[in-house]
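One letter stands for each residue in the lines below.
Number of protein chains: 2
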Amino acid sequence: MARPRSGIDAEVFAATLKTVHELGYARATVDRIAAEAGIAKTTIYRRWPSKGALLTAALVDAFGPAPLTGASRTEILATAIRWIAAKIGEPGIGAAFAGVFTDAVNDPELRVILSAQLQDPYRIAVEKALGLPEREVLFIIDVVVGTLLHRMGMTGEPMADDDVEALITLVTK
Amino acid sequence: MARPRSGIDAEVFAATLKTVHELGYARATVDRIAAEAGIAKTTIYRRWPSKGALLTAALVDAFGPAPLTGASRTEILATAIRWIAAKIGEPGIGAAFAGVFTDAVNDPELRVILSAQLQDPYRIAVEKALGLPEREVLFIIDVVVGTLLHRMGMTGEPMADDDVEALITLVTK
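Those protein sequences? They're chains A and B, same order as listed.
Position one of the first sequence corresponds to residue 183 (the working numbering), numbered consecutively onward.
Position one of the second sequence corresponds to residue 183 (the working numbering), numbered consecutively onward.
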């Protein structure tokens, strides 16, 4: 999983999400993110090979561990879905998340980074917590994250609580 | 809905999807699309105010009318979901679709264009075909399109048929 975060990492991640929040994913170049963080662009590229890799690292850092507790599969899933819905609503996160997936469609290297650093740790934790096979968990992740990001793109707002509850009902019924 | 398509529109739309397919959404600039179509960039901007508006028009043209036929709500939805899953798998479509939603997160004008030109015609047709209220249909669109695009971003491939069938079961059960 993610290496321990240094002080510089924390500043770069904050600058990354602030820039994406203010300018959108497309205009949040590594140049602008470096300027916002007050460091050289080469310092960023020394740590992360591409904009997609930097954005993925900022998302991993922003999300932190998923809460996967509850007395039943339904409770565990409900807690996790409410958590990711709230995270996607935080400034810059929805746009950064949607942006890396978009770039990944045509970028095999970024897909490897996204899978290994962002999706796999959560997927494996969810498999263990729910006792479900990989394929089913990948499907649940597609449904939950895809739905939340599509709503964010269409409305510019995170999904409202009652629709998040409808999403929980959908994937747990 | 979309105005009748001219010969130039058809060439620009084909050049748009080809460029997105080859370069990805981010690098498919209006400059490159104009070069691919062999026309001046100003000709594109005279018809579409922004890259997002051009991409939306290309998607509307590529999708065409949704098949909304069947003897029951389940059959109608199943037909429509298989149709959109196949469309998202066509070259350039998945990346273009994911890209406009990403840009829309931070672009209120693009959200208006996306809603009015792409989502509303399908939403209204689905409401009529299924006899469901707007809010439920918007939720179904988020789930179906979001899931398909997330899978495309994570794997670089359209969703496999058996997972599309699982998605149909999910939204119709």
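If you're looking for bench data, these hints aren't it; they were derived computationally from the structure.
From a predicted model like this one, the values you see are computed outputs, not experimental measurements.
There may be inaccurate statements among the hints.
One copy or any two copies: either way a pair holds, since identical chains are not told apart in the list.
[Said to hold, decoys possible] In silico DSS-like cross-links for lysine-lysine, where the CA-CA straight-line distance does not exceed 30 angstroms: (1) LYS269 x LYS355; (2) LYS200 x LYS310; (3) LYS355 x LYS200; (4) LYS310 x LYS355; (5) LYS200 x LYS269; (6) LYS310 x LYS223; (7) LYS223 x LYS200; (8) LYS223 x LYS355; (9) LYS269 x LYS310.
Which of the stated hints cannot be reconciled with the structure, identified by number in ascending sequence? 2, 3, 6 and 8
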